[in-house]
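Peer 1: Using the sequences plus the hints, can you model the full thing?
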Amino acid sequence: MYLIIVGGGKVGYYLSKSLLAEGYEVLLIEKNPRRAAFLIDELGADHVWVGDGCDSSTFAQVGMNRADAVIAVTGDDEDNLVVCLLAKRKFNVPRTIARINNPRNAEIFARLGIDVTVSTTEIIQAQIERALPLRSLVHLLALRRGGIQLVEGKVAPGAPADGRALRELGIPADALVVMVVRGDQTFIPSGETILRAEDEILAVTTPQSEPVLRRLLLGA
Amino acid sequence: MRIVILGCGRLGAYLARRFAQDGHEVVVIDREREALDALGPDFPGETVVGMGIDAEVLRRAGIEGADAFIAVTGYDNTNIMAAEVAREIFGVPRVITRLNDPLRAEIFQELGLKTVSPTALAVEAIRKCLED
Numbered sequence: 000m001y002l003i004i005v006g007g008g009k010v011g012y013y014l015s016k017s018l019l020a021e022g023y024e025v026l027l028i029e030k031n032p033r034r035a036a037f038l039i040d041e042l043g044a045d046h047v048w049v050g051d052g053c054d055s056s057t058f059a060q061v062g063m064n065r066a067d068a069v070i071a072v073t074g075d076d077e078d079n080l081v082v083c084l085l086a087k088r089k090f091n092v093p094r095t096i097a098r099i100n101n102p103r104n105a106e107i108f109a110r111l112g113i114d115v116t117v118s119t120t121e122i123i124q125a126q127i128e129r130a131l132p133l134r135s136l137v138h139l140l141a142l143r144r145g146g147i148q149l150v151e152g153k154v155a156p157g158a159p160a161d162g163r164a165l166r167e168l169g170i171p172a173d174a175l176v177v178m179v180v181r182g183d184q185t186f187i188p189s190g191e192t193i194l195r196a197e198d199e200i201l202a203v204t205t206p207q208s209e210p211v212l213r214r215l216l217l218g219a
Numbered sequence: 000m001r002i003v004i005l006g007c008g009r010l011g012a013y014l015a016r017r018f019a020q021d022g023h024e025v026v027v028i029d030r031e032r033e034a035l036d037a038l039g040p041d042f043p044g045e046t047v048v049g050m051g052i053d054a055e056v057l058r059r060a061g062i063e064g065a066d067a068f069i070a071v072t073g074y075d076n077t078n079i080m081a082a083e084v085a086r087e088i089f090g091v092p093r094v095i096t097r098l099n100d101p102l103r104a105e106i107f108q109e110l111g112l113k114t115v116s117p118t119a120l121a122v123e124a125i126r127k128c129l130e131d
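Protein sequence lines correspond, in order, to chains A and B.
Residue numbering for the first sequence is 0 to 219, as defined by numbering that gives the first Met the number 0.
Residue numbering for the second sequence is 0 to 131, as defined by numbering that gives the first Met the number 0.
Just so you know, these hints were derived from the structure itself, not from any lab.
Here the structure is a predicted model, which means the values were calculated and not measured.
Ideal Cβ placement from N, Cα and C applies to all residues, glycine included.
Hints should not be assumed to be uniformly reliable.
Stated by the list, open to error - Computed Cβ-Cβ distance ranges for the label pairs, DEER-style: (1) A/G162 - B/G111: 49 to 57 angstroms; (2) B/M0 - A/S189: 34 to 42 angstroms; (3) A/E24 - B/V122: 33 to 41 angstroms; (4) B/G22 - A/N91: 39 to 47 angstroms; (5) B/V122 - A/N64: 44 to 52 angstroms.
To be verified - Using 20 angstroms as the maximum straight-line C-alpha spacing, the simulated EDC-like pairs for lysine to aspartate or glutamate come out as follows: (6) A/K87 - B/E87; (7) A/K153 - A/E106; (8) A/K153 - A/D114; (9) A/K9 - A/D75; (10) A/K89 - B/E87; (11) A/K89 - A/D67; (12) A/K89 - B/D100; (13) A/K87 - B/D66; (14) A/K89 - A/D45; (15) A/K89 - B/D66; (16) A/K87 - A/E121; (17) A/K16 - A/D54; (18) A/K30 - A/D45; (19) A/K89 - B/D53; (20) A/K30 - B/D100; (21) A/K87 - A/D67; (22) A/K16 - A/E41; (23) A/K89 - A/E121; (24) A/K89 - B/E105; (25) B/K113 - B/D66; (26) A/K87 - A/E41; (27) B/K113 - A/D54; (28) A/K9 - A/E21.
To be verified - Far from chain A by the CB rule (all over 12 angstroms, computed), these chain B residues: (29) T46; (30) G64; (31) P92; (32) R93; (33) I106; (34) E130.
Peer 2: Here it is in structure tokens:
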């Protein structure tokens, strides 16, 4: 599998290193010649290309049309978008993956056809929410179309969901509880399932219905 | 027409004043307030401070009812992203993108953006001067 990574900062460097260690064919594109010299020393000249990753002549030279995936991890959202748009639309690369800094760009990138976005801000936020007992649903995954999110939460004691069947809760039509973890049991609930405090819930929901779901499950 | 212009450098400011003179309703966005001062105290249009690749900033600039969006910051990729957002997310009917890199201008033109490359235009003009 041939992977092209654009942006040789810390993320691009460590990502290339670990993907190389796993046996992938990796080419890292970096435009700053001084940074590229360091990368060549560390990763080897075969795995680094000095050039502008937003420049289609670079793309032609590195054989973009045979890449299985392009991963854009520069520090600028707009640069990552342009890399992925060129890869997708001009070179028909099957998978395009972009790092984003502004979480709100996830939806925009998805609508413009970028396959996957990774938001470092959101990952850190999710970790913090998991570590701290905040009264909110943790965002696990943004699905590609329609802004649907996979979220996680724990039923709070005394919340509307505590001791009631899912069917009675009045969960909006565009939200669905897909999994319940209770102690060491994991199951897919039906309308008859009665939730209890401390149940861990996985649900899919649109952003519009998330506040309702949060209120029903967490009571806040 | 209601025209939203992103980037208030020399080109953006000149365009904004020109369109306002022609009687258009003009909104100019720049991430720096000082840049917007270049429009002068008698500029009849509106100004918004913010990043033009942020959908929220574009919304504040009234992109939803705009007839045209013109992205003319000095950064090609910023212009491309803002233009794609204007076109694909907000459905602005006329979107024009300034790209310094003639090659990138050509490619994104192929991919459906209306692009203008000052570099390519200048090269053409200078070549003409030499031929005359």
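Peer 1: Hint by hint, note whether the structure agrees.
Peer 2: Hints, verified against the model:
no. : hint                                : in the structure
1   : A/G162 - B/G111: 49 to 57 angstroms : holds, 55 angstroms
2   : B/M0 - A/S189: 34 to 42 angstroms   : violated, 56 angstroms
3   : A/E24 - B/V122: 33 to 41 angstroms  : holds, 38 angstroms
4   : B/G22 - A/N91: 39 to 47 angstroms   : holds, 45 angstroms
5   : B/V122 - A/N64: 44 to 52 angstroms  : violated, 29 angstroms
6   : A/K87 - B/E87                       : holds, 16 angstroms
7   : A/K153 - A/E106                     : violated, 26 angstroms
8   : A/K153 - A/D114                     : violated, 30 angstroms
9   : A/K9 - A/D75                        : holds, 14 angstroms
10  : A/K89 - B/E87                       : holds, 18 angstroms
11  : A/K89 - A/D67                       : holds, 14 angstroms
12  : A/K89 - B/D100                      : holds, 16 angstroms
13  : A/K87 - B/D66                       : violated, 29 angstroms
14  : A/K89 - A/D45                       : violated, 25 angstroms
15  : A/K89 - B/D66                       : violated, 28 angstroms
16  : A/K87 - A/E121                      : violated, 25 angstroms
17  : A/K16 - A/D54                       : violated, 24 angstroms
18  : A/K30 - A/D45                       : holds, 16 angstroms
19  : A/K89 - B/D53                       : violated, 25 angstroms
20  : A/K30 - B/D100                      : holds, 16 angstroms
21  : A/K87 - A/D67                       : holds, 11 angstroms
22  : A/K16 - A/E41                       : holds, 9 angstroms
23  : A/K89 - A/E121                      : violated, 30 angstroms
24  : A/K89 - B/E105                      : holds, 12 angstroms
25  : B/K113 - B/D66                      : holds, 15 angstroms
26  : A/K87 - A/E41                       : violated, 29 angstroms
27  : B/K113 - A/D54                      : holds, 18 angstroms
28  : A/K9 - A/E21                        : holds, 18 angstroms
29  : T46                                 : holds, 22 angstroms
30  : G64                                 : holds, 20 angstroms
31  : P92                                 : holds, 18 angstroms
32  : R93                                 : holds, 19 angstroms
33  : I106                                : violated, 5 angstroms
34  : E130                                : holds, 28 angstroms
The structure fails hints 2, 5, 7, 8, 13, 14, 15, 16, 17, 19, 23, 26, 33 (numbered hints given earlier, in ascending order).
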